[in-house]
Amino acid sequence: MEVEKEPTFFRLGANSILRLSFFEAMNHSLHLNCVGLRHSRHRTVWKTVGKL
1 MEVEKEPTFF RLGANSILRL SFFEAMNHSL HLNCVGLRHS RHRTVWKTVG KL
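Once you know that position 8 of the sequence shown is 8 in the numbering used here, the rest is easy, because the numbers rise by one and skip nothing.
There could be a bad hint or two in this list.
[Unchecked claim] Estimated spans, in silico, between C-beta atoms of each pair:
{"id": "1", "residue 1": "Gly50", "residue 2": "Gly13", "range": "35 to 41 Å"}
{"id": "2", "residue 1": "Lys47", "residue 2": "Arg11", "range": "33 to 39 Å"}
{"id": "3", "residue 1": "Asn15", "residue 2": "Lys47", "range": "46 to 52 Å"}
{"id": "4", "residue 1": "Arg11", "residue 2": "Asn33", "range": "29 to 35 Å"}
Hint data in this document are derived by calculation from the structure and do not stem from the laboratory.
Where is the CB? At the ideal position from N, CA and C, for every residue including glycine.
Take the sequences, apply the hints, and build the full model.
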């Protein structure tokens, strides 16, 4: 029983860590996408203003 408990606990810990890192990566990429969209929008605005 003792030997069986450890691997499952370790597996759960690894899964939670992976899940946390996955969500962190998702949030980070979403944030970067938002920033990138904002920057691209500003760039297009400045391009149109430059043409005028």
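Tested hints:
1. Gly50 / Gly13: 35 to 41 Å: 55 Å, violated
2. Lys47 / Arg11: 33 to 39 Å: This hint is violated: roughly 53 Å between Cβ atoms.
3. Asn15 / Lys47: 46 to 52 Å: 47 Å, holds
4. Arg11 / Asn33: 29 to 35 Å: 32 Å, holds
Checked against the numbered hints above, the structure violates hints 1 and 2; every other hint is satisfied.
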